[in-house]
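Student: The lines below spell out each chain.
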Amino acid sequence: MAEAAQMQVSDEVAVQIENMNKWYGTFHVLRDIDLTVYRGERIVIAGPSGSGKSTLIRCINALEEHQKGRITVDGTLLSSDLKNIDKIRSEVGMVFQHFNLFPHLTILENCTLAPIWVRKTPKREAEETAMHFLEKVKIPEQADKYPGQLSGGQQQRVAIARSLCMRPRIMLFDEPTSALDPEMIKEVLDTMVELAEEGMTMLCVTHEMGFAQAVANRVIFMDAGQIVEQNEPKEFFNNPKHERTKLFLSQILGH
Amino acid sequence: MAEAAQMQVSDEVAVQIENMNKWYGTFHVLRDIDLTVYRGERIVIAGPSGSGKSTLIRCINALEEHQKGRITVDGTLLSSDLKNIDKIRSEVGMVFQHFNLFPHLTILENCTLAPIWVRKTPKREAEETAMHFLEKVKIPEQADKYPGQLSGGQQQRVAIARSLCMRPRIMLFDEPTSALDPEMIKEVLDTMVELAEEGMTMLCVTHEMGFAQAVANRVIFMDAGQIVEQNEPKEFFNNPKHERTKLFLSQILGH
Amino acid sequence: ATLDDVKARGVLNCGVTTGLVGFAAPDANGEWNGFDVGVCRAVAAAVLGDPTAVEFVPTTGKTRFTALSSGEIDLLARNTTWTFSRDVDLKFEFVGVNYYDGQGFMVPKALGVSSAKELSGATVCIQTGTTTELNLADYFRKNNMDYQPVPIETNAEAQQQYLAGACDVYTTDASGLAATRAAFENPGDHVVLPEIISKEPLGPLVRHGDNDWGDIARWTLNALIAAEEYGITSANAEEMAQGTDSPEINRILGTEGNLGEMLGLDADWAKRAILAGGNYGELFEKNIGENTPIGLSRGLNAQWTDGGLLYSPPFR
Amino acid sequence: MTTLSDPPRESFRLSMLINDTRYRAYTFQFIALMLVLALFAYLGSNLVANLRAAGLNISYEFLGESSNYDINQTLIDYTSQSSHLRASIVGVLNTLLVAFLACVTATIIGVIAGVARLSPNWLVRKLMAGYVEAFRNVPVLIWIIIIFTIMTAVLPAPSAFRGEDPDASMLFGAVAFTNRGLYLPAPIWGPGSLVVVLVFIASIVGVFAYRRYATKLLYDTGKLLPMGWPSLAIFILPTLLVYFLLGRPITLEYPELAGFNFQGGTQILGSLIALWWALAIYTGAFIAENVRAGIQAVSKGQTEAAASLGLRPKRIMNLVVLPQALRVIIPPLISNYLNITKNSSLAIAVGYMDVTGTLGGITLNQTGRAIEAILLLMLFYLLISLAISALMNVYNNAMRLKER
Amino acid sequence: MSDTHQQSIGYVRDSMLPQATPPASETGAVKWVRQNLFLNIPNSILTLVAIFVLYKLLAGFLPWFLNGVWDAPSIRACREVLDGDAGGCFAVLTERWNQLLFGFKYPSELYWRPTLAFVLLFVAIAPVLFRKVFPAQMLIFTALYPFIAYFLIWGGSILIPIFALLGFVAGYLVYSRFVTQSFAMGFFGGIVAAFVFWWITGLLPIEGILALEPVASRDMGGFMLNLILGTVCVSLSIPFGIALALGRQSDMPIIKWICVVFIEFIRGVPLITLLFVANVVLAYFLPPGTNFDLILRVIIMITMFASAYIAEVIRGGLAALPRGQYEGAESLGLDYAQSMRLIILPQALKISIPGIVNVAVGLFKDTTLVSVISMFDLVGMIRGPILASTEWNGVYWELLGFAALLFFVVCYGISQYSQWLERQLQTDHR
Ligand SMILES: Nc1ncnc2c1ncn2[C@@H]1O[C@H](COP(=O)(O)OP(=O)(O)OP(=O)(O)O)[C@@H](O)[C@H]1O
Ligand SMILES: Nc1ncnc2c1ncn2[C@@H]1O[C@H](COP(=O)(O)OP(=O)(O)OP(=O)(O)O)[C@@H](O)[C@H]1O
Ligand SMILES: [Mg+2]
Ligand SMILES: [Mg+2]
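Protein chains in written order, with our numbering: chain A, 622 to 876; chain B, 622 to 876; chain C, 256 to 571; chain D, 1479 to 1882; chain E, 6 to 435.
Check before you lean on any hint, since a few could be wrong.
In silico EDC-like cross-links for lysine to aspartate or glutamate, where the CA-CA straight-line distance does not exceed 20 Å [claimed, not checked]: (1) A:K741 x E:E335; (2) D:K1820 x E:E269; (3) D:K1778 x B:E685; (4) B:K708 x D:E1782; (5) D:K1792 x B:E796.
Among the chain D residues that face chain A by a calculated CB cut under 7 Å, a handful are [claimed, not checked]: (6) T1499; (7) R1500; (8) E1850; (9) N1871.
Everything labelled a hint here was simulated from the structure, so no lab data went into it. By construction, the Cβ of each residue, glycine as well, lies at the ideal position given by its N, Cα and C atoms.
The shape of chain A in the complex, shown without the other chains (with noise of 0.2 Å):
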């Protein structure tokens, strides 16, 4: 499978980070990282807690902001300008741990509101391409329900049909099955091989390395804020070369 994936990635870039740096306060969360995720990629984001995966993350989605180094997306440049943090934020959907679902919302109006209010579709074609995606994740039956009424797995499955409807060019992915019981992990899984299948850009922090092995087109391994190796993931887990790397590893896959 991961062969097969392998051949859609295409040359065209669709994030480009160029030396980036982020701190909190005086913590250097972020420390010189550069990476280029082409087309279609699929990237695993790895590495001990703490090491700065969610912020590297979040700052492509213009969620935390960096304070040096460039974070092109889509060949748009994220700087303080709001016409280009909605551009990317528009073109870039994110799946978050927790879903984030809307509670008051029922699963419909949770994947019909941005379409609407951002894209400023009609809501009748909104509805239609939410149903679409609802059955891409299989909870088509669900539409009217609440969140609160879903298990977590189908939440989460909310969620990324949630993004999809925003018909993203790229997904991030933080940690979105670590919330889950693990029953339901299979079925989030699925689905996102199911988008990888599909092509689409993704870049994914998880600990699940079946996942890695399975879809990934590249394993990032981050550690103190540093990307310390990347590589294919047969590469990555067969053969780490960084002394964290094989710690990390060590300790991840005895568990």
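Knowing the structure of chain A, use the given hints to seat chains B, C, D and E with the ligands on it.
Tutor: Below, chains B, C, D and E with the ligands without anything else, positioned relative to chain A:
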């Protein structure tokens, strides 16, 4: 290990329950309970939710009053006489599912409170005892922290140490591990096993069948307020007799 | 200017007390009646031609001055004592005196007190927000007596306190005492002591600076007083307006001269004011005179010709 | 990879004021600031225009002038010759006095009622629920008036104590409840009374010292001394002993009916009592709810855990439940104190001369300085509430439970 | 290993026991009385004390209430009828009920209008309070209600409320036309549109068209005044409260500080000083010549007062929302206004409703303070005209009791509702 433990059981009766009945309003929670616990015995009580396990244990400690029958703890008859209740309570330690540590006191203060005020132990001495037991549960270094600063597993171990500081002759555990994350369960079970090995009389409500098999002298299975079956762990697990037990075991082990 | 505002509004906003029987109080139907109310109605009749075109704004001792200076009311007719500082410092203009009063004391007969000099050690109910508490402080200090003041916001509550015996003495303007006593179940059980400890010329006032409006209020009041002097009453005013042989009466009633025009009103202004509730004497008799429950005698408030202080400047 | 560089410094464009996150916040804040300034400028210019039109000005000189009125309750020296400023201070002290008394009383009432609401006794529970609901759901002004009415209309006037066969009589011949207030005996400090007072103070210190010692003894040796009756004995006995040894240096002056009023003794004004108790009972109902919520917030597990350790109910309350409940109770308790202080401004309804009655009442009336007086009045209340909030923050920070 | 009990260890129950009935001491009235009244000696004493207190209360109250005189022209007549017996003089209520409820100036032939408005209030407020019970369409009536109520209570031409309503409609139309593009544009466009509409229609001569007899604000009084002040101020203060709460949450320091200063200032001073301001000082701050009604000034002040308190409640609601909701909205590309309006506020307000209701109860009680600045609300009517009148001087208990009862019924009702709602929110797993 089970064999080794077996040996410490003596002939002395620690708890004797005769024909005990309890009602909540008109609801008959415990029906004709007869149970004799010998000194040094380690009893695991299992059963479906709502079967009255907690209530049984709490009756022994006079946290709930029973309406019919007799409970004798360590030779003292449990009556409405406050003196007897006090006597019994200081003989019997109890560990709750939700730890119930006192959040406004440090760990050390949690452990010395009762010895000082109930046993009238001088403070210094009480603190020495407390440190002794905190070492036993392997967290002496946390003595000056507050409960809110510890992990669940650590808190539960403090709760055990707190009970031990009263040097009880009998320990009651009410699902001590069910509010814990999997990693922490082991910490607590280890502590309990250690206690068991020292010959403490224990009654333990738990669904940890591994623990039961390893440590218990006897497993008691309750349903609908009655003791349905009891046996040595080996027999109980391999060769349950009652239909209800079989059903329960199939569920719990299949899980 | 105030005159134009009032005309444009069609209603005169007149500040009165929150309720003092005889001077200004709403009856069971919510209709305002009283001596001060009469002044308001006279001004309204003079300016607007309609004695009912008045909006009565109840004010407390605290709010009355701001109400006036902020323009919420056009005229304050709320037994307000004319003092130097109010006239000069607070920037108001008193347009005359409609009642010469003085502060007095009322005590239950049962106490057996016959003079204010015997009040040492008494508990005294005062209505706050008036000059009364200053007079009281001065009087007791001057006479070297001590007392305990019980300050109260409204007349109604002062009355309650006094009747319940929470204070021995009630002090306020003598007219107010009479009015209050009149409302008692047994007025005979209470006496008003003979001492009058202060001068309290009560009169309507307007804002400083709008002299035209002040003139209207002043001369409406004077017209009422002069009308009594010359015998113009609400009963005979119409008849007299046909013309009399007294030039002064003619000038008042507008059949001679152009006094109304000078004021910026029409010729009939004073006639209407008199017709609104009668001349000064009529208003007095109807609201607070001897035949009313309040039963005040004219005393100082008689015409100068009868030995009183009422003395309207000439209309010419 | 690529040459690194910061995002290029774009030249500033006007549209960036709205579109650029860096500048947008400044734009908004600037607009807001301008709006607020404009509003103030507008109000200020109106004020100036209005004052000029009325020929008035803003000046605080009136504070120095003599007030010319008397106040019936003065905690500091005051005569009608004192200044308005002093009259205001008298009012401030009266406010603080009634607020303090009401806070203490409300706390006592509230704690008793709150605990009683959790009593196992059904009748007591219901009775207290009735009290709480009745007082919480009726405006405090109505309660103040009702209690004031009880004071004036129900209690006898001093004159009722007069005569051969009076309608009312004094309690123990020493205390008179009248509708002007409460007349109590006042102590006369004879020679040696200082000693008695000192001994009394010393014995209060003694009580604390004893309790401290008892705890220490328990900690050190495990010996638990009784707390209740020794404390009481230390509290009372030495003072009594010294009092009688010195030949009763402190005597009481009893109030006696003379002239219009009771003379001698001390008087607590009726209006003070009415306001004090109205505020106390009203706020007590709120405090009762806080206390109940606070105790209930301590989970049942805490009590059970303590009980299973063998602690007695009284100790469970003192050692486990109360310390935890207090954290929940005290913050709303403090804001209730603040409410009492603010509600004490309703004193004018009963003629109690608090600061609203002096500065915001008679002074305002006599001088006509409405703006100045009300401004000062608000400032005073604001200072109090800021002080109390500061106190609350200190408490909250000190008591915050340590968490991970 | 000791064999004594090792044999007995195996045990299997052969027949299951049925539910048995508890012993008599565990059920029925006996147990209840013992448990609830006479658990132990101190408790029994308490019970006796409580019974004594109850007896005293009832012994004082019942004869007074049952013997009450309901029909007499004055207190003296009452006393004659009672002839020395204990008994209330409730005649004052039957004689003056209209003044107590409507003040002394509201024309009596028009009482049906505020009464109708009051009844309709329940219809209007029901769908807000019980969202699950009533159809959402009823909210349309809620939106219309302010205009209907204004028309009923104040009278005048029906065109005034209609134009006012149409102004809002015009504003809304413009708003919804532009809001999808930019919130600011929609919002300010809407406001401008509404004002333009009002300005134009304000020029029309509409006096007397389809008019009810107009009643001036000054003529409002009695309990009606309390209700008007309460409902108007609470409803007006909610939008201001939201704005203040958002401002206080803002990370722009100047805006935050403006809001903080306002809120803390208002919360730091007693309402009565604010009422003094309305009564005595506010006029100086308005342009020369403007002349607000006292009632209007009071409404402004009470609204400011309530806004500050409601802002604090809503701030609590906002703080209770998890950070993820903000981030979720942001990551979808919603801007600040959109995420507030669509995501944050609907949730925050829902959490805040019980708190808002509590503020409303407190505020409603505080409306009695207007009696201190010589407005004739229920308390003002009692303390002023009625108790001062010759006929009724001295009937304290009946009047004050009546006032207390009216407030109790309303406030108790509302606070029970808020408690119910809190329970609903707790169990609401949505
Ligand atoms: N808002 C913040 N303010 C200050 N420090 C922060 C903030 N958010 C995160 N950090 C710190 O930044 C570092 C990186 O955080 P980040 O959440 O990116 O780690 P992560 O690799 O995603 O870890 P995890 O696997 O636990 O999610 C951590 O040390 C964290 O404590
Ligand atoms: N205070 C109470 N009042 C009324 N009924 C109660 C009370 N406490 C428990 N019960 C009921 O008594 C029964 C037995 O409860 P108990 O807590 O002993 O069950 P359990 O076997 O410990 O179940 P679990 O495994 O869920 O803890 C249950 O049906 C429960 O609903
Ligand atoms: Mg992370
Ligand atoms: Mg249980």
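Student: Checked against the structure, which of the hints given earlier come out wrong?
Tutor: Structure breaks hints 5, 8 and 9.
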